[in-house]
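With the hints as constraints, model all of the structure from the sequences given.
Protein chains: 6
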Amino acid sequence: MKGFITFGEIMLRLTPSYKNERILSSNQFSVGYAGAESNIAVSLACLGNEVEFVTKLPNNPLGEAALASLRQYGVTTKNSLRGGNRIGTYFIEIGSSIRPSRVVYDRAGSALSAIASGEFDWTKILSNKKWLHLSGITPALSKQCAEETILAAKTAQDMGVKVSFDLNFRRSLWPNRKSARAIFDNIISSTDILFANTGALKDVYDYSFPGKNKEDQTMLAMEKASTVFGIAEMAFTIREHQSASQNKLCGIGYRNGNIIRSNTYQVEVVDRFGTGDAFAAGYLHALGREWPLKKSIDFATAAFAYKHTLIGDVNTSSEQEIEVIMEGDLSGHVIR
Amino acid sequence: MKGFITFGEIMLRLTPSYKNERILSSNQFSVGYAGAESNIAVSLACLGNEVEFVTKLPNNPLGEAALASLRQYGVTTKNSLRGGNRIGTYFIEIGSSIRPSRVVYDRAGSALSAIASGEFDWTKILSNKKWLHLSGITPALSKQCAEETILAAKTAQDMGVKVSFDLNFRRSLWPNRKSARAIFDNIISSTDILFANTGALKDVYDYSFPGKNKEDQTMLAMEKASTVFGIAEMAFTIREHQSASQNKLCGIGYRNGNIIRSNTYQVEVVDRFGTGDAFAAGYLHALGREWPLKKSIDFATAAFAYKHTLIGDVNTSSEQEIEVIMEGDLSGHVIR
Amino acid sequence: MKGFITFGEIMLRLTPSYKNERILSSNQFSVGYAGAESNIAVSLACLGNEVEFVTKLPNNPLGEAALASLRQYGVTTKNSLRGGNRIGTYFIEIGSSIRPSRVVYDRAGSALSAIASGEFDWTKILSNKKWLHLSGITPALSKQCAEETILAAKTAQDMGVKVSFDLNFRRSLWPNRKSARAIFDNIISSTDILFANTGALKDVYDYSFPGKNKEDQTMLAMEKASTVFGIAEMAFTIREHQSASQNKLCGIGYRNGNIIRSNTYQVEVVDRFGTGDAFAAGYLHALGREWPLKKSIDFATAAFAYKHTLIGDVNTSSEQEIEVIMEGDLSGHVIR
Amino acid sequence: MKGFITFGEIMLRLTPSYKNERILSSNQFSVGYAGAESNIAVSLACLGNEVEFVTKLPNNPLGEAALASLRQYGVTTKNSLRGGNRIGTYFIEIGSSIRPSRVVYDRAGSALSAIASGEFDWTKILSNKKWLHLSGITPALSKQCAEETILAAKTAQDMGVKVSFDLNFRRSLWPNRKSARAIFDNIISSTDILFANTGALKDVYDYSFPGKNKEDQTMLAMEKASTVFGIAEMAFTIREHQSASQNKLCGIGYRNGNIIRSNTYQVEVVDRFGTGDAFAAGYLHALGREWPLKKSIDFATAAFAYKHTLIGDVNTSSEQEIEVIMEGDLSGHVIR
Amino acid sequence: MKGFITFGEIMLRLTPSYKNERILSSNQFSVGYAGAESNIAVSLACLGNEVEFVTKLPNNPLGEAALASLRQYGVTTKNSLRGGNRIGTYFIEIGSSIRPSRVVYDRAGSALSAIASGEFDWTKILSNKKWLHLSGITPALSKQCAEETILAAKTAQDMGVKVSFDLNFRRSLWPNRKSARAIFDNIISSTDILFANTGALKDVYDYSFPGKNKEDQTMLAMEKASTVFGIAEMAFTIREHQSASQNKLCGIGYRNGNIIRSNTYQVEVVDRFGTGDAFAAGYLHALGREWPLKKSIDFATAAFAYKHTLIGDVNTSSEQEIEVIMEGDLSGHVIR
Amino acid sequence: MKGFITFGEIMLRLTPSYKNERILSSNQFSVGYAGAESNIAVSLACLGNEVEFVTKLPNNPLGEAALASLRQYGVTTKNSLRGGNRIGTYFIEIGSSIRPSRVVYDRAGSALSAIASGEFDWTKILSNKKWLHLSGITPALSKQCAEETILAAKTAQDMGVKVSFDLNFRRSLWPNRKSARAIFDNIISSTDILFANTGALKDVYDYSFPGKNKEDQTMLAMEKASTVFGIAEMAFTIREHQSASQNKLCGIGYRNGNIIRSNTYQVEVVDRFGTGDAFAAGYLHALGREWPLKKSIDFATAAFAYKHTLIGDVNTSSEQEIEVIMEGDLSGHVIR
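If you read the sequences in order, they're chains A, B, C, D, E and F. Positions 3 to 338 (our numbering) are the ones given, in order, by the first sequence. Positions 3 to 338 (our numbering) are the ones given, in order, by the second sequence. Positions 3 to 338 (our numbering) are the ones given, in order, by the third sequence. Positions 3 to 338 (our numbering) are the ones given, in order, by the fourth sequence. Positions 3 to 338 (our numbering) are the ones given, in order, by the fifth sequence. Positions 3 to 338 (our numbering) are the ones given, in order, by the sixth sequence.
Take the hints with a grain of salt, since some may be wrong.
Identical chains share a label here; the pair holds if one copy fits it or two copies do between them.
Stated by the list, open to error - With a Cα cut of at most 16 angstroms, we get these calculated EDC-like pairs of lysine to aspartate or glutamate:
1) K80 <-> E52
2) K21 <-> D273
3) K204 <-> E270
4) K164 <-> E235
Simulated from the structure, these hints should not be mistaken for laboratory data. Remember, predicted model here, so these are calculated numbers, not experimental data.
Right, here's the structure in full:
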């Protein structure tokens, strides 16, 4: 058994091409294709892993382009379905300094959200795979997407495929937090590795934690999550939003009761989208490599930080590029 | 009473920015906002008329940008509504030579298609207006859109506002041609000026006409349409598709039993979208000016031809620019 | 009586398209249309106000494009004249870090600067308006422009239209400071609201003020200005130029003897042009809303800061976007 | 046994981004990756076939980007090697009207040209494949490339893999035509399907053929080639260069003594590079589909013509898009 | 004595960057620097000649960029002056098919037009030069420019420097044709080589010539011009404007009573600006090479035709590129 | 004797056009031409000096474009040779924050590296020149380049032309540091002015220096270098790499035993390439002006800092622009 599977929605991402221009006055959009789970697939592929992405996309040039954008990095897509009416779309105005980034979603009615029961044969899809990654976004897309996510997780669990879950909560996609909680509980019951942060736990489970700073609060949160959810492996991000252009970052890893904090990075933000996905991909890569917890959380956090310096949702960096950061060379010295 | 009203959907138009590139491999899209009725509004405004466009658009930057794109040309939008979920979107690959242009529509669920009964107060909207233009696209968007279009036409008729109707048939938007016919009949019963071509009459009404060439067939079609629909004013286009880059064009006008053919234009095609709308706008402008039939159809056809040389859906040309063409100066002599 | 009028010159703004490229080596310019008073008109429109801009522009596509750029945001232009020889033009190299921005003006002989007496009918233009905004740039363009600005101010005063004046001093446009002073005195005598800063007062009136910091100096300046000019409402900006990329900003408001300082903002500069106009527009918006002084100066200063993060001269932000900043959320958190 | 293998060099293609600009004054280049054999691989993949491309590329981002450009279309690259010093590069000025296109090659010392004996294990690479495609360019790159091409052909022949060969002669890459002839003879002795045209036969073998037009000359050439080379399946192109913007095209197919001519296409040229490759790919696709000779040559020629309308070296069209052309619909009617 | 001098104005040329877009809706302009005489200087330099361009430009980055644009091609500028207020500017909408190109000039008040008497030391400038080229545009810019042009011509004549003059008439720059005639007569009295066409002779001198076609009319015109002006060497262009995209071209040369017509070229037009300058430069180059009349007019006309295929005002082609056209290879065959 | 000569390689520089995009996913490259010695030539020319650049470039449009890029700034190139196979090329991914910039070199086999003995006639080239600048890069290109560099230095020394040498060490171009040392020793023996930094001395000569900070270490290094190499004039840079986006800079000058440190600059980095060349050019300019040591090192360091704010390898700033920085105005105040 080897290789990763991720399952979810990949969308058309449109951003004003001219830096710091607004949607209102833009007459050119830069085109990308991205989604939480496909971002992780791309990053894992760029790190040298075998990865497959499973989704459904319309049978038109936009659906084809979305798949092509993944295949170019070596992600395979042979179990992705074609059909349905449209590709989910989102528009980003990338913020700067005190001006926040703004996302306009237009994803209702997407091909994946409109799947029917039985379209994916999970037993076949998961055969001979080692890892399945899921996120909290897919089950929010539609009732069938929620059921499909749960089914994928259960099938994986039954087949001995390790399940990772990013407890990603998009408020606008759920009727209320309760509905999310019910479904997340179900997925988490089949989950081996959990990605989250205190904000998401607060949003979905209304947990809040004392502690003099975010690190302490996060550690408490992870201990609580371990107890409540019965999960032995977790990686949480901590992000201090200084402005749309400056973030301070770290990560905390938890494995079988041990808890370790990574170095902290101060980064100037080029594009903050997909950074959480870069973190998760970095951690999954570390798991695949069977690295110790310290190295795992350090690598994931270095990937997290590195992604902030790249335009677009996907972290295309190599293992070596991240290792340089992980080992503390933040000098920006030219590599010739 | 003065000025024009057009009612319909304006969409986000996305086209690969790099000429002759395909959607599949494009990473930049040129952005426009267009629709049959809004195109006519823009052209009428550029020709010097007072025009208002009525629609519904989502309350987000894309909806705002669509309105801004109209206002810049002087089209007013004060009765347009804001709300709903999304802006209809379409993607164009502009063809060349033997390769046809291709459109991917993603317009289901747009704000206008999802209107409820009573959102538009037609009596108020149409007060003091002289002309209302409608097309066959809007009633195809949803049941309520069909009812709204009929209501707008009836209200206009009752108020003495002249109604023009472009018998525009988008096959993919209708369950079948019968459903279109029923609604079109209803609209046509309130119509004063009809725009169409033999292809649309064939598609919707299954009419076909003998005749040794398209001109003869079209003239027969117009006589038939006048009899059947009881319409005294009509303008039809004739287009010979030589390739995606070369078209031969003319127009035929009908007024109270008189029928006149315009000059024929051979044009190299820059962007063929919105050319029919340029024709209709040209004819409506001529009506507003109370020009004789010959001048009216000549002006409309010159506008039709001129639009083929402009990128984008909208004909931004002035009355003077079209008159030069109408008067036969096709030399392309530099204007200094 | 309602709505704003601004009067002045709108110019063609050309900037090397490729970031940090110089005019010398640039082969593409980004195109905009801007001017102190039209910037304020756009910002007021984006904040939801009725606004009209009055100017004169050549009867060519550039004049048309300048008006279109305003109309797209909802600014009306029906009293703007067409004629004259050219549109004023300026070229900007946007600076970075220690390299300052550089402007090359080419505005002599513009349509507005060459107006003759009597072209604008101020009584008609100002009827039913509530606010007229003027700046120190327009009277510097030509003798007739100075007379026209004074006439506009006087007519407004007579008609009960409130007059705001931005004491904007462009050294290169005046023979000497004395000539500016004479005309400014004349305008100020009809002014209800004054926008300025200590630098402009120093430049024009040779005032300087003791005080351990810029805030104290500015407050003294405002008190002096109130006494000398007899103006009850003022808003001044304070800007610390740390570099072309980093500025520290605040604003001070004065109303009937009360003086209040806003929060201070540290911003990374995307485009520093038009920021003073964003401040004035924010303050005028607050006056229109009849907000208290504290909220007024806070809103104006938040608008001032926000504009630094947008490319181009105009502040297209909404009331809500500025309120978020005003209320202290500078985290740059993504808005989804 | 199924699927295609192509073997050769893929290069970095750089073209001035601004249409009709020259290399001398261009400050932006559009980037592509292309080569005769990789172009065929892409086209075969877009037509729905399993295809693999075998090459050697440097272990840097340019080598990676070249592979990514193939993978995006579904071409697999698992037997391609990484190493060597550089990627071959070429620069194109695309011509227009009477101005010819111009290519500046910079391909000496490329990774593929510098391979050593034994780097490719052809027995392994060709196992379970049905078709191997080679061209006359690869053996021209270096002595080892010539030996490798011959070895690939021989190994394929031994293993029962069908060999196709495009008798592509790049004068500047050979010391003289004799050296090419010796190697081509060797490859042709293992070839099942030959692609060529009369010009290449003239250049390499000094054959010339009487006949009142190019069609007759080409048919004679094919009969001669069949006799001399003992090849039963051939497809030749005929191109009339009217200008850099207008070409007239047809194709002639030969199978077991039968010879059939395709329709003729008049096309406006967008990008003439890679059109011969589109032809060969179309013919190979037809062979894979086991279509009769008439349909095969018609499809190949339609693909040949269609490619002229696309920017870039690769023909990304689908089977359906080419069939429309093949069936004679050259109207350029918009596909909605 | 060797090398060419040209004297005149170089302007900033701005064109919407996106092909077929209008000034009204363009937010990016492509930047060039061009003028009749500087275009000729560039073309002569690209053909391998020593050339100097003399002008006056403002002391700002735009003036510097204009000079840099010439120096890059090897044109020297050491006698060009710096000072004055502005660089002349023009905006082009490039036409297509039946839509003509449109130029908006904004050149009044340019640095060259505002020169004072005595700024140029023609004796020094012309020392050791062989050829001076002038056009009818420069004397139209201002009274002093007219005097300066005449002075340059007279000084050259006195010093034995050959004078060529392009009888270029820009209607909008002159009060009336009489004023042009008076000055042209003066310049022509010092002219050795005259460039013109029948349209210009008609416009300025009200000459018209019978003849069944443009060639015959032009030959009559040249004979008349030779008699009236006493000029022994002339080269005239003939252009048939089929559309903005298609032109038919030829040239006629006259030397000491011999008159020879060139081949005719049918070209698709990429950019028609500067084509007359390319013709004149080609002819001057031929004079420099001391080619016979037939070769001279053939080369000039081939250069004339070639320029139509290049974007921008300047003909950057080499002698060899033009010779290929002159020798009749219009096939557009790729040069590898 | 006057003016500067620099000798070396100029390369094609390709950078992803879209900011922060990677080579892997870029489909547009910005094009420049640069090299250590040509960068210095351009900067010296922009500062108002007479400069010539000597190199060898292929006889194709890329070689021509490289020369044109220098000529536009006024650098002369009359002794540069044309011929050879290719222009050296490099690709840059410009880093940001913690992500370092990355350079992919593809320069082997360039025209200059492949020169033969005797192609350059140094006695002729250097006649009447005052300064010759060389760097450590050229001798690394090939054995003949090393000999040529030494020959140029020796010839200059013999002719009384002052020689400056930038001890620039590109590890990847040398077999080992010993080989570099041998050649550098040879060049230094003819050198009058040395540019370097402690890193280069460490890399080539294995020198390391105690000292509590970089300033102290650098001063020790300079004293040692003066002693060992017998050089009386030196200028060294000090750079603290805080990140790819933030650098802290200073410079140290040494003249006849006096040693002076410049101000320190904190800069946000736009493009870090060519900054050392800007420093050397600034210092050479100061030497040309015969400024005192303090002013010389201050000017050089201000130029060094200023270049960090410009995109591209070359410092196009004027003397006045650098003086403003040198005099301490880092406020970024707009220059109008």
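These are the hints, each one checked on the structure:
no. : hint          : result
1   : K80 <-> E52   : both (13 angstroms within a copy, 12 angstroms between copies)
2   : K21 <-> D273  : both (11 angstroms within a copy, 11 angstroms between copies)
3   : K204 <-> E270 : neither (27 angstroms within a copy, 32 angstroms between copies)
4   : K164 <-> E235 : within (11 angstroms within a copy, 53 angstroms between copies)
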